[in-house]
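J.: As a plain string of letters, each chain reads:
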Amino acid sequence: MNEQEARQAVHAAIGQVAGDVDLDGLSDESRLQQDLELDSLDFLRLVEAIDEATGVDIPERDYGQVATVRGLITYVASRG
Amino acid sequence: MGDFRLPPLGAGLAEGKLVEWLVGPGDEVRRGDALAVVETDKTTLDVEAGEEGRIAELLVDVGMTVPVGTPMVRITGTDDDEADPPPSATVPEAAPERAAQTVPASGVQDRLSTLRRTIGSLMSRSKQSIPHYYLSTTLDLRAAIAWMQQVNGQRPVASRLVPSALLLKATALAAREVPEVNGFFIDGVFRPSRPVHLGVSVALRQGGMVAPAIHDADTLAVDVLMQKLRDLVSRARAGRLQRSEMADPTLTVTNLGDLGVEAVFGVIYPPQVAMVGLGKVVEQPWAHNGMLATRPAVTATLSADHRVSDGVRGARFLACIDELLQSPEEL
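Going line by line, the protein sequences match chains H and F. For the first sequence, counting from 1, position 34 maps to 34 in the numbering used here; every step adds exactly one. When you read off a place in the second sequence, starting at 1, and then add 80, the result is the number in the numbering used here.
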């Protein structure tokens, strides 16, 4: 999956979990927990939504790599 | 023939606005069936039948705001006595006497400021009437996190656990051991609750919080509790909670750890008598046998009502949570 496709999938998943986030103004540097205020259950739903949309399963040991929007896009792009 | 009255809607809520009838005249209802959708200052709720019978007449029009205790619907085939709202360990306060009135629909901002006012007034009342005391302790999560990671490693994301599920289960079990934190203080008397209906603070994304209950949390397997937690949070955010979920919590847990706070000292929701605060799970330096290592840990606090318990029992409660977390596979 190229980066553009990964970005689209990640943005769509964030929109699904946190409907109030302005996706047009979403920075790659945004941190999921502190900036987007996703709690651990939101994060789980996000991981689930990405898995459903792209087939990329993010195991718990890799959660540290996907703490930002950029981290998530890179992870999905390299595995999708 | 009996009138079904609007039952309690949750702490600090004296009235509700009828949004939708889910039944009509002639319908048969059983205990627990949803009768109507009611909007409160905090959230939107399904109000369920207290008894079975046949709907004879709807007594309130959609759009009306009515106080708790108002006759809502006439039901035949039930005894008068049984049609009244369930008595009272769960009744926070008497309904104010006032006439029904119609209020205009409000936007999200209006709703939010109303929610803040409602919470503000409840918290003021709590601080004025409940002599709070506060305790804090560190829970050692080495065993719990290691067990959870091992379990999650073998599972698809849909059935993975989060630390909150383990912490909630341990809290519910500890409340069974120290019943002074679980129940209601009404009319100058503490009424302990045998079931542990654990209220869980849920931050709403547009702002504000609600704290609906996971019923009988002490009896649920961790996996079941986890699924109920996910379901409860998503329904709370969608504004579709059951009335009983808002009215029934016997002890509430607030968890601000996900937002980065290390410790939270909560204000008790009257008529409850305690609030547990959970902070962020942190990697913490830890001295053991003269060596320095790290471990995952979380700060747990207890705000409790001094009329009902004291520091000794409160400390026992927090210690009990910690002990339970050392054998996560048994939770």
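Hints should not be assumed to be uniformly reliable.
Unchecked claim - Cβ pair distances, simulated, as ranges:
1. A67(H) - S407(F): 48 to 54 angstroms
2. E409(F) - D57(H): 22 to 28 angstroms
3. R31(H) - R110(F): 46 to 52 angstroms
4. Q8(H) - G106(F): 31 to 37 angstroms
5. R320(F) - Q8(H): 26 to 32 angstroms
Stated by the list, open to error - Here are some, though not all, of the chain H residues that point toward chain F, as calculated from beta-carbon distances under 7 angstroms:
6. M1
7. E48
8. E60
Bear in mind the hints are in silico, worked out from the structure with no lab data behind them. Yeah, the Cβ is synthetic: ideal placement off N, Cα and C, and Gly gets one too.
J.: Now look at each hint and say whether the structure bears it out.
T.: These are the hints, each one checked on the structure:
| no. | hint | result |
| --- | --- | --- |
| 1 | A67(H) - S407(F): 48 to 54 angstroms | violated, 31 angstroms |
| 2 | E409(F) - D57(H): 22 to 28 angstroms | holds, 25 angstroms |
| 3 | R31(H) - R110(F): 46 to 52 angstroms | holds, 48 angstroms |
| 4 | Q8(H) - G106(F): 31 to 37 angstroms | violated, 51 angstroms |
| 5 | R320(F) - Q8(H): 26 to 32 angstroms | holds, 30 angstroms |
| 6 | M1 | violated, 18 angstroms |
| 7 | E48 | holds, 5 angstroms |
| 8 | E60 | holds, 5 angstroms |
Checked against the numbered hints above, the structure breaks hints 1, 4, 6 and satisfies the rest.
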